[in-house]
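Sequence order for the protein chains is A and B.
The opening residue of the first sequence carries number 1 in my numbering; numbering runs sequentially from there.
The opening residue of the second sequence carries number 1 in my numbering; numbering runs sequentially from there.
Just so you know, nobody snuck in bad clues.
DSS-like, lysine-lysine: derived pairs with alpha carbons at most 27 Å apart:
#1 B:Lys47 <-> A:Lys376
#2 A:Lys477 <-> B:Lys47
#3 A:Lys102 <-> B:Lys73
Here are a few chain A residues that face chain B, going by a calculated C-beta distance under 8 Å:
#4 Thr69
#5 Arg103
#6 Gln240
I should point out that these hints are in silico values taken from the structure, not numbers from a laboratory.
Where a beta carbon is used, it is the ideal one built from N, C-alpha and C, also for glycine.
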Amino acid sequence: MSKNDIKIALIGNPNTGKTSLFNQLTGLNQKVGNYPGVTVDKKLGKSKLSATQNAIITDLPGTYSINPTSLDESIVLKTLLKKDIAASPDVILVVADVENLKRNLLLFSQIKDLEIPTVLAINMVDQMNRKGISIDLSLLKKELNTEVVLISARKNEGIQDVKEAIIRCHVVAKASPLCGINSKIDPDYFENLKKISPNYSLYELWLMVTQNNYPDTITKEEKEKLLSFKKDVPKLKKYQHKETIYRYQEINKILKKTYIVDKSKAKDLRSRLDKIFTHKIFGYAIFFLILLIIFQSIFDIASVPMDFIDGIFAELANFTRNSLPEGVFTDLLTEGIIPGIGGVVIFIPQIAILFLFIAILEETGYMSRVVFLMDKIMRRFGMNGKSVIPLISGTACAIPAIMATRTISSWKERLITILVTPFTTCSARLPVYAILIALIIPDTKILGFLNLQGLVLLLLYALGFASAILGAYILNKTLKIKARSFFVIEMPNYKLPSFKNVFYEVVEKTKAFVFGAGKIILALSVILWFLASNGGDEFKNAEQTVIAKVENQNLSQEEIQQRIASTKLEKSYIGMLGKSIEPAIKPLGYDWKIGIALITSFAAREVFVGTLATIYSVQADDEDTTTIKQKMASEINPDTGKKQFNFPVGISLMVFYAFAMQCMATLAIVKRETKTWKWPLIQLFGMAFLAYVSSLLTYQILS
Amino acid sequence: MNTIASLNIGEIGYISEESLEIIPLKLLEMGCLPGAEVELIQQAPLKDPIYICVNGSHLAIRKETAAIIQILKSEI
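Input sequences plus hints: build the corresponding full structure.
Now the structure itself:
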């Protein structure tokens with residue numbers, strides 16, 4: 001970022017096409033962090049405004065006003081109140097929806113009063129004709145005393161005008177307020193407020209008083225004076241109400257002169273769609289049908305590219321082994337790194353499909369209808385209709401899901417949602433489930449069209465949701481937190497999803513996931529490989545011990561080699577670790593090799609598959625490079641002489657993975673969102689206990 | 001007394017001036033102003049939450065909130 005770049009804050013009501021405009025302005029030139037250590041509050045993007053002028057655009061969360069009622073919205077207030085000098089914007093770009101300009105202008109009027117140069121972009125103007133709307137642009141510019149641009153972000157129209165307006169606006173460094181809040185409400189009161197400091201606009205001072213949020217630059221003296229205004233709370237509330245009414249009056253005056261709607265044209269598709277999608281019976285039926293389709297396609301559509309990827313990595317390991325000279329480095333590649341990376345890459349198809357569906361549900365406006373349908377039900381369990389969004393997007397990844405709880409204004413409802421979200425079946429569980437289902441459930445169709453394997457997967461998703469709901473119920477009864485619950489959500493217009501927005505979202509999220517999880521998996525597989533190919537004296541003498549032991553038995557050379565390999569693994573460092581926990585996991589049906597995978601997958605669940613792949617690769621004969629699935633299918637339990645991954649073990653493992661909190665990244669994000677280690681630790685131990693007990697019961701009953 | 005919660009689907013009311021100080025600020029900001037026309041569009045089971053259109057905004061609110069906002073059946 002260079003010094004001359006204009007810092008722009010992008011603000012607007014939710015569902016105004018803010019994201020579309022951001023994507024048009026910045027292209028794929030965006031930066032978002034979804035993993036710990038990276039700040040996630042804001043999305044940043046670079047835009048070329050002209051040949052000589054660049055801009056850094058901050059995409060702020062959608063909000064209806066700068067008076068925040070949720071954590072999400074308070075980010076907007078903090079950015080605007082210059083809490084963080086480096087991020088304080090030079091120009092504010094407000095996006096408004098042409099159809100509901102009146103309400104969108106409320107936010108604009110508040111921002112204008114901050115006296116920061118502001119550009120108003122009125123979006124979706126391509127809809128104007130159809131909705132019977134006409135605007136007197138030049139008069140509107142004059143009345144609002146600011147740069148106004150008509151755009152259609154989805155159609156990429158007017159973007160150049162926005163860029164030019166920003167540059168013009170930037171030159172006029174100072175801007176004047178729109179409404180001014182003092183005169184109509186209580187002139188004396190606001191006169192006294194203004195006297196406190198000349199360094200801030202009156203509206204900024206008013207926000208400090210009403211929102212109890214102060215910039216770093218405020219002096220102690222100024223703050224004390226501001227605090228004296230806070231004493232009369234009912235008066236503050238009353239004035240805030242009056243302020244809002246006054247703003248709407250001013251906006252109405254302006255719009256009367258500049259904005260005309262021919263209401264006879266306004267009847268549209270939305271009411272007809274709403275009659276079905278929010279219907280008492282059809283609404284729910286459609287919702288569950290959509291869920292069914294999503295989970296069926298995760299299994300059905302994704303299986304083709306997944307088998308393909310699995311095969312490619314097996315080939316790759318084979319090829320590498322045959323073309324490189326034998327040695328430690330080749331072993332590291334073929335037994336550690338390649339199967340490790342394969343374990344991540346293999347489930348890109350499933351994650352991408354899941355993110356695709358979620359992006360489409362949000363883009364079309366359907367998600368708000370689900371919130372409406374589910375609020376009453378979720379409330380019974382101490383949550384909020386808005387908790388549905390984290391619970392659904394938790395099926396992709398718990399991390400963005402937990403961040404999505406920021407829109408819930410009640411702390412108790414939000415905390416419960418955060419605590420139970422990790423129960424929903426995230427995509428990291430998918431490879432574990434996928435491989436176990438493929439091993440123990442036959443690939444048949446029931447009723448002619450339902451894939452049995454897909455159906456089992458759906459049951460696992462249902463188990464995830466059910467435990468989240470049940471967990472919430474228990475938490476609701478036990479947590480002693482007093483919090484007022486308030487709920488309002490806008491039902492946006494239905495829209496066809498924009499290809500560009502959906503595409504960016506899927507690429508963005510999949511990338512973050514693969515690189516975030518990929519790093520952990522790659523590091524762990526190298527460590528694992530090292531621990532599995534090294535050990536103490538017993539490991540080094542394994543060859544002699546085995547040969548001495550089998551001397552008198554009539555074994556073929558091949559069998560002896562296999563004995564040596566498995567003895568080596570058993571005596572390696574990782575083998576010792578696995579053996580040490582074997583007594584604890586034996587009642588669950590697991591051997592020490594699975595034990596190793598359990599330990600490593602406490603970092604991230606998907607490591608399970610990669611770990612087993614690495615372990616079985618080290619143990620396998622050199623020439624024999626097969627796919628992960630084949631390796632697991634041929635694994636024999638030495639105690640029983642039967643297949644290790646039989647039905648009871650497979651189910652017990654799936655139950656374990658359904659409940660256990662095995663994700664360091666999620667724990668870190670919960671710590672960040674709840675600001676204490678208490679909640680992530682409760683999650684970790686509570687869920688591990690639940691997982692252990694349930695798997696124990698499952699295995700003992702089934703076997 | 002008529003409130004938003006007492007509307008039937010498709011019915012229209014007008015928010016009364018007396019409600020001004022009771023309406024939560026957030027709703028006020030979203031367009032729920034005294035004098036504004038409210039139409040009930042849809043109800044979830046048990047009439048909670050409800051889906052309304054007010055001042056051009058389509059909103060879902062809970063019954064408990066709707067029940068404190070008084071309305072008149074004809075324009076002021």
